[in-house]
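Peer 1: Following the hints, position chain B against chain A.
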Amino acid sequence: MSEEIVKKTDKNRPLQRDEMSKLQWTWKEMKRNKTAYFMLFPFLILFIVFTVLPVLLSMFLSLTDFNMLEMPNWKGVDNYTRLFLDDDIFMLAVQNTLIFACVTGPVSYILSLLVAWFVNELPPKIRAVVTLVFYAPSISGQVYLIWKTLFSSDSYGWANATLMDLGIITSPILWFEDAAYVMPLCIIVALWTSLGTAFLSFIAGFQTVDRSMYEAAAVDGIKNRWQELWYITLPTMRPQMMFGAVLAITNSFGFGAVVDALCGFPSVDYAAHTIMHHLSDYGGSRYEVGYASAIAVVLFIMMFASNILVKKALSKVGE
Amino acid sequence: MAAVKKLRTRGHRVVLNRSKGGDAGITFMLTILGIIMFFPMYYVVIQSLKPLDELFMFPPRFYVINPTFDNFSELFTLMSDSWVPFSRYIFNTVFITICGTCGNLVFASMAAYSLAKLRFPGRNAIFQMIVMSLMFHSTVNQVTHFIILSAFGWVDTYLSIIVPSMAGTMGLYLMKQFMESSVPDTVLESARLDGASEFRTFLIIAMPMVKPAWLTLMIECFKSLWNSGSSIYIHSEELKTFNYAINQIVTGGIARSGAGAAAIVIMMIVPIAVFVLNQSQIIETMGSSGMKD
Numbered sequence: 001m002s003e004e005i006v007k008k009t010d011k012n013r014p015l016q017r018d019e020m021s022k023l024q025w026t027w028k029e030m031k032r033n034k035t036a037y038f039m040l041f042p043f044l045i046l047f048i049v050f051t052v053l054p055v056l057l058s059m060f061l062s063l064t065d066f067n068m069l070e071m072p073n074w075k076g077v078d079n080y081t082r083l084f085l086d087d088d089i090f091m092l093a094v095q096n097t098l099i100f101a102c103v104t105g106p107v108s109y110i111l112s113l114l115v116a117w118f119v120n121e122l123p124p125k126i127r128a129v130v131t132l133v134f135y136a137p138s139i140s141g142q143v144y145l146i147w148k149t150l151f152s153s154d155s156y157g158w159a160n161a162t163l164m165d166l167g168i169i170t171s172p173i174l175w176f177e178d179a180a181y182v183m184p185l186c187i188i189v190a191l192w193t194s195l196g197t198a199f200l201s202f203i204a205g206f207q208t209v210d211r212s213m214y215e216a217a218a219v220d221g222i223k224n225r226w227q228e229l230w231y232i233t234l235p236t237m238r239p240q241m242m243f244g245a246v247l248a249i250t251n252s253f254g255f256g257a258v259v260d261a262l263c264g265f266p267s268v269d270y271a272a273h274t275i276m277h278h279l280s281d282y283g284g285s286r287y288e289v290g291y292a293s294a295i296a297v298v299l300f301i302m303m304f305a306s307n308i309l310v311k312k313a314l315s316k317v318g319e
Numbered sequence: 001m002a003a004v005k006k007l008r009t010r011g012h013r014v015v016l017n018r019s020k021g022g023d024a025g026i027t028f029m030l031t032i033l034g035i036i037m038f039f040p041m042y043y044v045v046i047q048s049l050k051p052l053d054e055l056f057m058f059p060p061r062f063y064v065i066n067p068t069f070d071n072f073s074e075l076f077t078l079m080s081d082s083w084v085p086f087s088r089y090i091f092n093t094v095f096i097t098i099c100g101t102c103g104n105l106v107f108a109s110m111a112a113y114s115l116a117k118l119r120f121p122g123r124n125a126i127f128q129m130i131v132m133s134l135m136f137h138s139t140v141n142q143v144t145h146f147i148i149l150s151a152f153g154w155v156d157t158y159l160s161i162i163v164p165s166m167a168g169t170m171g172l173y174l175m176k177q178f179m180e181s182s183v184p185d186t187v188l189e190s191a192r193l194d195g196a197s198e199f200r201t202f203l204i205i206a207m208p209m210v211k212p213a214w215l216t217l218m219i220e221c222f223k224s225l226w227n228s229g230s231s232i233y234i235h236s237e238e239l240k241t242f243n244y245a246i247n248q249i250v251t252g253g254i255a256r257s258g259a260g261a262a263a264i265v266i267m268m269i270v271p272i273a274v275f276v277l278n279q280s281q282i283i284e285t286m287g288s289s290g291m292k293d
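Listed in order, the protein sequences are those of chains A and B. Using the numbering used here, count along the first sequence one by one with no gaps and you end on 319. Using the numbering used here, count along the second sequence one by one with no gaps and you end on 293.
Any given hint could be a false lead.
As a list, the in silico EDC-like pairs of lysine to aspartate or glutamate whose alpha-carbon atoms are at most 20 Å apart [what the hints assert, rightly or not]:
(1) B:Lys-20 <-> A:Glu-121
(2) B:Lys-117 <-> B:Asp-194
(3) B:Lys-117 <-> B:Glu-180
(4) A:Lys-31 <-> A:Glu-19
(5) B:Lys-117 <-> A:Glu-29
(6) B:Lys-20 <-> A:Glu-215
(7) A:Lys-28 <-> B:Glu-198
(8) A:Lys-223 <-> B:Asp-23
(9) A:Lys-75 <-> A:Glu-288
(10) B:Lys-211 <-> B:Glu-198
(11) B:Lys-292 <-> B:Glu-180
(12) A:Lys-34 <-> B:Glu-189
(13) B:Lys-292 <-> A:Glu-319
(14) A:Lys-223 <-> A:Glu-121
(15) A:Lys-125 <-> B:Glu-284
(16) B:Lys-211 <-> B:Glu-180
(17) A:Lys-125 <-> B:Asp-23
(18) B:Lys-20 <-> A:Glu-228
(19) A:Lys-34 <-> B:Glu-198
What the hints contain is simulated information worked out from the structure, not anything from laboratory work. None of these values were measured; they are calculated from a predicted model.
If we strip away everything but chain A, and leave its shape as in the complex, we get (with noise of 0.2 Å):
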């Protein structure tokens, strides 16, 4: 009764959310917040920049036949039907990317979380530096260059020497010229690097588990390691293999650079040629704009419903 009084008799009492319209309430929450919005700011400006414009950017000029220099003509869905019909290298780096993606992706996955699994079992110390060996490669740049090196084309490398001297070839393989090896071999050597930041996140995500929880499992008749992993560990560390499974398809897609390196750039009969280093070709070199901007939103539509996938799979751990 008296709230009522005092909502009709004080007109400078500041208005309740439910008296605003949510465009009011909206405009008076921003105003309330300014410094959170300055803090934003400078990072956001820089993020809408060189993320999202680049993304919005790649949509809009797929659809023309920009090249740099002149102004772009308007080409609906050419780009696209040029490129599912009429480029059978493009169909090659898709085949390619997948088979890649497919591979490394999940192997990546389940390694990184297996070896943390063992890792955590460790005493500290040595958990150490079990995980600086697995983790190193990763962070060490161009260290895979090594594997030009192991894997030379000669007889000092590594692999050809072992081989030549046990008698199992007689001339040196030119691993990184042959078709046959080009893939395996870049797939190995991604797998070497793939142990990152998901694998950190993974050692972490063992560590928080509460321990309590494997004891009261272990009285509810949780008979192995196995199934306490399966139906105690993973399902409370979710959250880590969501972030984890993200940063996996992301690598595996995004993989090039490594390529490039190990087989130079096209690899050959294109055998490790990826959508990516399709994109760089006519991105980079040819300048057809528009068309390599139909490519990337390809890659980003693959990015994204592996993504998607991967999450539904992911909500099934522990049932």
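Peer 2: Just chain B now, kept in the frame of chain A:
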């Protein structure tokens, strides 16, 4: 009373659900995998210390007989006849890495604080966008990125690498998640009640509490910048990075494999040292890295 099954212990802790056979199997697996992971790293170091005659030994040895630092000094003489002295490439990498990492630390932690601790309209939408950006590799954008950089007139300058890296989203994401889990709202509230401005609360209260996350953010940013190689945005030789130089040396063929290995060792020793010194803080930050769907 029924006999109580004897529980296995490790040290003085009881371990449940761990069979001896399983432990042995896992140790075995981990050893094999560890050797595979470690071997190439070890081989780089060995190669970099080998004198010329040992580099050409058949079959190649996995140890050095007469270790020498000649390969390292050769790096500087090898590149002395090129346009740009070798030290310039190192300077470029160090300069780009320091500027980019510092910028990213300042911008991303301010943004992380406001996303983690302040409630304002648009907050969720912005964070969702940042999470989405983690889902694709930045090289997808390279073409349109180039167009934008050339519109600014930044192509072939340091700015083309430094400024975009300041908006690296991985560091921001980890920082924001860590702030959410380890900076209690009550502490911030009491600072505000004492009259501290929002910015001061951020600087004096929140930032010191998330030191592990600073380190992680810095390493994430450092990692990508330090390893940035030949970029399509840079053409001038004197602006190119160390990584680009390594590539040139290594592709130079067998005669340079010692120098190449030496360059790789210089390159990898820095991030590894940074990680070793900060491992526990990084793992601590990663504890909150999870993504809620």
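Peer 1: With the threshold set at 20 Å, check whether the alpha-carbon distance from Lys-75 (chain A) to Glu-288 (chain A) stays at or below it.
Peer 2: Answer holds: Lys-75 (chain A) to Glu-288 (chain A) is near 13 Å, not above 20 Å.
Peer 1: Holds or violated: Lys-211 (chain B) with Glu-180 (chain B), Cα cutoff 20 Å?
Peer 2: Holds - the C-alpha atoms of Glu-180 (chain B) and Lys-211 (chain B) are around 14 Å apart, at most 20 Å.
Peer 1: Would the pair Lys-31 (chain A) and Glu-19 (chain A) pass a check requiring their Cα atoms to be no farther apart than 20 Å?
Peer 2: 18 Å, holds
Peer 1: Would you mind confirming whether the straight-line C-alpha gap from Lys-20 (chain B) to Glu-228 (chain A) stays at or under 20 Å?
Peer 2: Between Lys-20 (chain B) and Glu-228 (chain A) the Cα gap is close to 16 Å, so the pair holds against 20 Å.
Peer 1: Measure nothing beyond the straight line between the CA atoms of Lys-117 (chain B) and Glu-180 (chain B); if it is 20 Å or shorter, mark the hint as holding.
Peer 2: Cα-Cα ~7 Å, so holds.
Peer 1: Take the C-alpha atoms of Lys-117 (chain B) and Asp-194 (chain B), compute the straight-line distance between them, and say whether it is at most 20 Å.
Peer 2: This hinted pair holds, its Cα atoms lying about 18 Å apart.
Peer 1: Please verify whether Lys-20 (chain B) and Glu-215 (chain A) have alpha carbons no more than 20 Å apart.
Peer 2: 19 Å, holds
Peer 1: Run the distance test for Lys-223 (chain A) versus Asp-23 (chain B): straight-line Cα separation, threshold 20 Å.
Peer 2: Cα-Cα ~15 Å, so holds.
Peer 1: Lys-117 (chain B) and Glu-29 (chain A) were given as a pair; does the straight-line alpha-carbon distance stay at or below 20 Å?
Peer 2: It holds: about 15 Å lies between the C-alpha atoms, which stays within 20 Å.
Peer 1: Between Lys-223 (chain A) and Glu-121 (chain A), does the CA-CA distance stay at or below 20 Å?
Peer 2: Cα-Cα ~17 Å, so holds.
Peer 1: Between the alpha carbons of Lys-20 (chain B) and Glu-121 (chain A), is the straight-line distance 20 Å or under?
Peer 2: 13 Å, holds
Peer 1: For the pair supplied as a hint, Lys-125 (chain A) and Glu-284 (chain B), confirm whether the alpha-carbon distance does not exceed 20 Å.
Peer 2: 16 Å, holds
In summary, this structure violates none of the numbered hints.
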